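Protein chains: 6
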Amino acid sequence: MPHQLISDLKEGDAVQQYFLVRQAESRTDKTGKPYLSLALGDKSGAMAAKVWNKVLAKCPGPFAQGDHVGVQAQVESYNGELQLNVRYINTVEALRDLGRDLQEYDPELLCQATPYDREALWQELRQLAETGIRPPLGPLVLTVLERYREEFLVCPAALRYHHPYLGGLLEHTWFVTRHALASLAIYPELNRDLVLAGTILHDLGKIKELANPPAPERTVPGHLLGHVVLGWEMVRAAAQGLDFPDPTLLVQLEHILLSHHGTMEFGSPVVPKTREALLVNFLDDLDAKLKMMSQHLESDAGEGDFTSYNRALQRDLYKGGLAAADPEPDPDQ
Amino acid sequence: MPHQLISDLKEGDAVQQYFLVRQAESRTDKTGKPYLSLALGDKSGAMAAKVWNKVLAKCPGPFAQGDHVGVQAQVESYNGELQLNVRYINTVEALRDLGRDLQEYDPELLCQATPYDREALWQELRQLAETGIRPPLGPLVLTVLERYREEFLVCPAALRYHHPYLGGLLEHTWFVTRHALASLAIYPELNRDLVLAGTILHDLGKIKELANPPAPERTVPGHLLGHVVLGWEMVRAAAQGLDFPDPTLLVQLEHILLSHHGTMEFGSPVVPKTREALLVNFLDDLDAKLKMMSQHLESDAGEGDFTSYNRALQRDLYKGGLAAADPEPDPDQ
Amino acid sequence: MPHQLISDLKEGDAVQQYFLVRQAESRTDKTGKPYLSLALGDKSGAMAAKVWNKVLAKCPGPFAQGDHVGVQAQVESYNGELQLNVRYINTVEALRDLGRDLQEYDPELLCQATPYDREALWQELRQLAETGIRPPLGPLVLTVLERYREEFLVCPAALRYHHPYLGGLLEHTWFVTRHALASLAIYPELNRDLVLAGTILHDLGKIKELANPPAPERTVPGHLLGHVVLGWEMVRAAAQGLDFPDPTLLVQLEHILLSHHGTMEFGSPVVPKTREALLVNFLDDLDAKLKMMSQHLESDAGEGDFTSYNRALQRDLYKGGLAAADPEPDPDQ
Amino acid sequence: MPHQLISDLKEGDAVQQYFLVRQAESRTDKTGKPYLSLALGDKSGAMAAKVWNKVLAKCPGPFAQGDHVGVQAQVESYNGELQLNVRYINTVEALRDLGRDLQEYDPELLCQATPYDREALWQELRQLAETGIRPPLGPLVLTVLERYREEFLVCPAALRYHHPYLGGLLEHTWFVTRHALASLAIYPELNRDLVLAGTILHDLGKIKELANPPAPERTVPGHLLGHVVLGWEMVRAAAQGLDFPDPTLLVQLEHILLSHHGTMEFGSPVVPKTREALLVNFLDDLDAKLKMMSQHLESDAGEGDFTSYNRALQRDLYKGGLAAADPEPDPDQ
Amino acid sequence: MPHQLISDLKEGDAVQQYFLVRQAESRTDKTGKPYLSLALGDKSGAMAAKVWNKVLAKCPGPFAQGDHVGVQAQVESYNGELQLNVRYINTVEALRDLGRDLQEYDPELLCQATPYDREALWQELRQLAETGIRPPLGPLVLTVLERYREEFLVCPAALRYHHPYLGGLLEHTWFVTRHALASLAIYPELNRDLVLAGTILHDLGKIKELANPPAPERTVPGHLLGHVVLGWEMVRAAAQGLDFPDPTLLVQLEHILLSHHGTMEFGSPVVPKTREALLVNFLDDLDAKLKMMSQHLESDAGEGDFTSYNRALQRDLYKGGLAAADPEPDPDQ
Amino acid sequence: MPHQLISDLKEGDAVQQYFLVRQAESRTDKTGKPYLSLALGDKSGAMAAKVWNKVLAKCPGPFAQGDHVGVQAQVESYNGELQLNVRYINTVEALRDLGRDLQEYDPELLCQATPYDREALWQELRQLAETGIRPPLGPLVLTVLERYREEFLVCPAALRYHHPYLGGLLEHTWFVTRHALASLAIYPELNRDLVLAGTILHDLGKIKELANPPAPERTVPGHLLGHVVLGWEMVRAAAQGLDFPDPTLLVQLEHILLSHHGTMEFGSPVVPKTREALLVNFLDDLDAKLKMMSQHLESDAGEGDFTSYNRALQRDLYKGGLAAADPEPDPDQ
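Chains as they are written, first to last, in the numbering used here: chain A, 1 to 333; chain B, 334 to 666; chain C, 667 to 999; chain D, 1000 to 1332; chain E, 1333 to 1665; chain F, 1666 to 1998.
For the record, the hints were derived by calculation from the structure and aren't laboratory data.
Here the structure is a predicted model, which means the values were calculated and not measured.
Hints may contain errors.
[To be verified] Under the rule of at most 27 Å between Cα atoms (straight-line distance), these lysine-lysine pairs were calculated in the DSS-like manner:
#, chain 1, residue 1, chain 2, residue 2
1, E, K1651, A, K208
2, C, K699, C, K716
3, D, K1032, F, K1873
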């Protein structure tokens, strides 16, 4: 029985396959009996799961965040959301010890990730830093990209709101940077090097803010300092390491990084005071919001012309227009 | 003596040339003598001017908004701003009646206008509506563009804040639309027709909000109703006239027009609930703010690394980075 | 067994009567069994109802929003709120097909509506337009009232917050208009025609914003455009149809309609810039808030001197003063 | 030469008459010479006045706030506002000592005051308290009205924003109370006694907040405690003095007084939690804003369809509609 | 079996002891059977409790807020929070009537209270008023302290947010006052008498705002008038009773009381306009927030470096640093 | 003629002494003649000065910010503020070249500075770091203090709002730190080392934000990055240089520095999430506000019980209470 993607499951489906444990919590039901409340994930998303007392007796676990588990379950609906009623669960490790056949176990399937080829995106950004941004900013960006290559390839763009998955930061950075290239053609008087260095590095601090990309959580420095200043300091340190020769240019790049949230209420200690900083701020915000809209539209399988209310976006979204979207590419363009 | 552009005047210059009267007000000085306070303009901007009692005796006028006048004056500085101390002033009409030689009078020079070829911009938008936006939206945009051709060619984009000059609306619309074309390549899942119709038409209501393009002022409907709803109604009426066949598509375009200010605080009665509306909102806001920044940087001739505080932008701007901008195009791109 | 009003039901009551289905949703309980979650209504309000798996087997439905149904049920309390535990349910249509006696079925009883005589209210407004508002505003109001007579007689005043029932718009409009008549006696310098036309027409757009009055929902144009501009455009179109002769007067009426929410944050694209617009804004807001207060006080059957917190009003309300209200009219006044 | 009202003066007028000194300040001009900057008032308003060094030599004063002065002056325009260029000035007292004929001196003309008969308004409120509000609230209101009769007859309604003149509080209170009587006919379920006691007493604290009615200024308690709580305490003390028998009723009246600013941002320590309190809050706010609008429209003598920006109202106002106002009462109503 | 403190209970514990009923509500479960939902408290806190239908049959009650009850129960976990599954419950009164041995019943244990010796704190404040604050403020403070001695000894500092227990007001007042003594050493130019009178009296109105200290609830005057003005009026009345000789000094103390919430949004009708008022405002706010932080940290027994989100504080808190706190006093200081 | 302090000058005084040029700007008067607008300072404050055209001819300068100048002038009042009408001005340097007697020239008098002994304050902080803060925080603070000793001794605490003078940062830091020592006695459960390290270092970034302490101005990094993050990075770099052994402790100190503005609106990228951070935030804010109040009270020499409106504090201040302040220390305390 091949893996069924979580995003494809519907009420009544029976599943017998592997999942990633994204959250795990022990609880007690009204009658005082313990049960297990899990969030199980694969590359397509996540779903709540319950392991009731009776099942728990046979499958005691323990099960912890990050475990890969084999599961038999039924898809049910509870309060209007789907969840898995688990009949059997065990860790891959334990199953292996029990000598079970793990032929269909494919760790690649279990972790939600960007649909893009992460290595290719990273190479594209690297290429841009090498040939599309002039010294001294180009070499600075290149140095940073290579120093944090491993983290860049896996880090999510956010804990929850947008691109919250493996490679999400890379995908977001790549979109914002490509958009900036397009915008620079419209506004050629802007400093191209600054804008591109700004977009590539604007969210670098996410690497220190978020840990454990497959099931992301915020680090202590992420909580107490925030990615805006963490990223700024990483770039500043890299520039010092390179004896960056143009302090006036550097401070403008630093300004872009610190002001990229656009207003102080949103956590930037300074507001954009250059056109380059304003552009990076807008393109970052736009990509995040478009992605949040897409995610919310996809997650809303209900009827009606409008989605449920989205708290982060502070609005509901119109769904009716999806069918009206361009069914075929326009041959004239 | 050839025309000296207002933007090139400096303290101590003597001028003998023609201007457009952009504002005119009679006042009395502390000793009870009347004088005239004017704003004189040419294509490069505007400057305050004073006609003192003594001069006024010889040049009684009257002078009204919109008059073309011949002027002899001295450029002085008052409270840190340049102004013209007028020694002689008369209307072109009166000068003509007096049989003066008006050889150097060139009305083209007197009115501030977009530096772009307005006819060319309009044709470009028309072309896009005709071949780049599919029916039924394409023909609707085309109809509106042609119906309001005359107004579109002259209307400013705003009373004061950005592009406040002849053809400013066209320039702003053209920038936002070209930017949208670039953005659609990054976000191809958006409905291209809606986005492009939205950018071309988003500020259409300015045509009814602002009157007298050479010296723009707000109309009564502009004041009491606002350009957001005025433009929406113009498009809705045009669609009715064309028996627009797809109400679902039309309401999405209408939504873009009504929501393009992004939030209710900024005068949109609804917030963007589609990705297309969000994109138009961002690109409009970005172009206006970048233009305001450019205008403010240009108008600040003082020393120091930062401009004076700009109220509309609620910040001062960094000037020091201008020299760091790209001196030559990058041959690699 | 005569119809028991929902507002009179209490825990433990048994009911055997007819209801309107205001909402219907299929769900699954914790053990994976389907059940039906309904909102059943009559003229006095609405109550949640559950049709559990076992009952559903006998009464499979389907049941959809708008259906009239016969029901046997028990009134129970769940999380402090009353709900109906359904033992039998079938549509009136099916019952008729089964040859059941529908003697006690009275559709009039099932739908929540204004307690006032709708026809009489409408006639009163019509009369005012005809004899109390001078031309050209009077005939304009009259035309609009008659064109939308059918919708005006049924439309609610809001989806949820105030007067959310059949004829709610009419009731609200009638209160605001009568209050305006009283206010004009205090402030006679205000333009009486404008104020009265403004109050009668201020919420006209609700007719296009809300559909299905017995179980109201927001339409797509209601969501994407909003009733403020929809109503404005309806009046503007009507005025064009009448060749309204006084554009200055018309734009003031339009201004009242667009600004009646008082501030931009509340969805008016412009703020009131005339005294007439300010008065309409205040009387509209006051009637809505007084009604919300009355509704909240009535719905709070609990003990204690204060109601629960009301989100829309952002406060709790004092209940203790109700007994202190004037029990009999004061003979001296 | 009869008294010319300040509101009727225009540029170029010569005046020779009496004024009230509303403000007086000694200043030095740029060349180091002293001059006097005054605000001179009469019953129609106030105007700035300058007594230059040269004049001051002959008319040394001193001139203090509250003085009645005889003045010869020229009306001039300075920075777009009218002011008096004083040629002669002396106090009425000094003129009397000099044996001048003061035949045209009429103190009644000098002080800005409500156009209504203050005694009549007070009697009307008194009458209402006596016969229109039932015990125990009626006698409480009556007691307060009589205890503060002298102050009520002269106190302004505000320092600057609305009704800032002799009897302004009375006029404002009378309007709000009459409006409340009209509103109670529309909303008869509200507690009439509470509403009327609330409107009559809502601004009572102004009596302690403002001193010196002819040229009002804020007292120290007015500054440090504010009229909202001062008025509340005055009523509470009066009720204690009367052994007010119904504490539940009293606390509701107290609540109306404390919450009448409507929100905490506007200085009410609590928000309205009864319908009676909400109504008083709305009618108070409405009367103040309508009056501010009227005052601003009257004070704007300039051309154009819109007034200058009014800071307190945070908007400009439409003037064009004034001509459209009802020229004759409608005989049908 | 000795009393187990609620704060020490964990899942699975069996309890057989006495509690205070802090809240009591009758409910019905899904199957229509009644049960009882209680909040049971002791001096260490409170816990939810359920008395299911079967148990209720044997122990019918009634049970009301404020009752002392004997209970047998099991500690269970429900939705991640502990609750008591009650097997037997009866009031102490009924148990006494039944002749039960109440040897272990100790009312002192049942009510949550400040850990400090209340009598000692009160004496310390009294001492300060007597010898540390000069006349006339000292005697005023002394009079108020003694007049409200009983209430001061029991009143909580708030309904819910900080120090919500017996003697909480006293503890909070004592902390703020001691802090003020320390601050005055740093800022000796502030008026010491005013500051100390201000801190001791700043929350006096809580005595009238909150009733029933063991299970606090807000009174009607507390709701409709608020503690800020109630406390101010109590002090004002006391000063009148003493013929307070210095009105200028008194109005400054009154200002401190009215402005101690710091801004109008937070319910002060005036903002602090003296340094003394500012200091009291800061020290009050600081003590409340530090206490809320401590309470939230203590209540969060979960894993992880950060607490759950605290709504009142609008943030989560860092827990990881607790271990790093100073284990032993520093001998050098 | 000995130096007269600026704070002691009054209208009509003649001065012949030395000043520091704090600002210098060339302007043109209405008739087109150039004049010089200066701000001249000494240790007691600053005053505007004008050098009119006629004087300028004899004293052409140039005069630049930072120059020490000898001046003869008259104190005049202009628009209610005092200013110097300069009759002679020359730089000390030029006067020296001219062989003038500079006997009364004392540079110490010219620069506004903290009234405290800066060296002593610094030593006190140093001492505290050495013996009052335990390792590893103590040595970190010590290192930073010594590395930036020169800057710490001169840097102002702010550009304009509070302590805007030589040594202002040191004075502010010393007050906040001493207050923290006092507060720790009240709240001993807080981590003493963290609090004290936090107060000493909280505004360290001012050293890079502000340049030219005698006439402070904001640097480019100060403008584009801000002192909050600049200071954080300085401490972080110092800790790295010391191989700071406890990363958990360090991140808490860093959190205090980044969060010390209390809210994001005020430029902190994170809000205080520990009690230590909250305390530092409050004590910093309190000292700044108390100082601003003291400065504003001192600068207001006018009559009346209240100062003019202070924009930074958004209020006026009560002056009347000053006389009521404690005239003699209370012997009992």
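Now for the hints, and whether the structure bears them out:
1. E:K1651 - A:K208: The given pair, whose Cα atoms are some 20 Å apart, holds under the 27 Å limit.
2. C:K699 - C:K716: Between C:K699 and C:K716 the Cα gap is close to 13 Å, so the pair holds against 27 Å.
3. D:K1032 - F:K1873: violated, 46 Å
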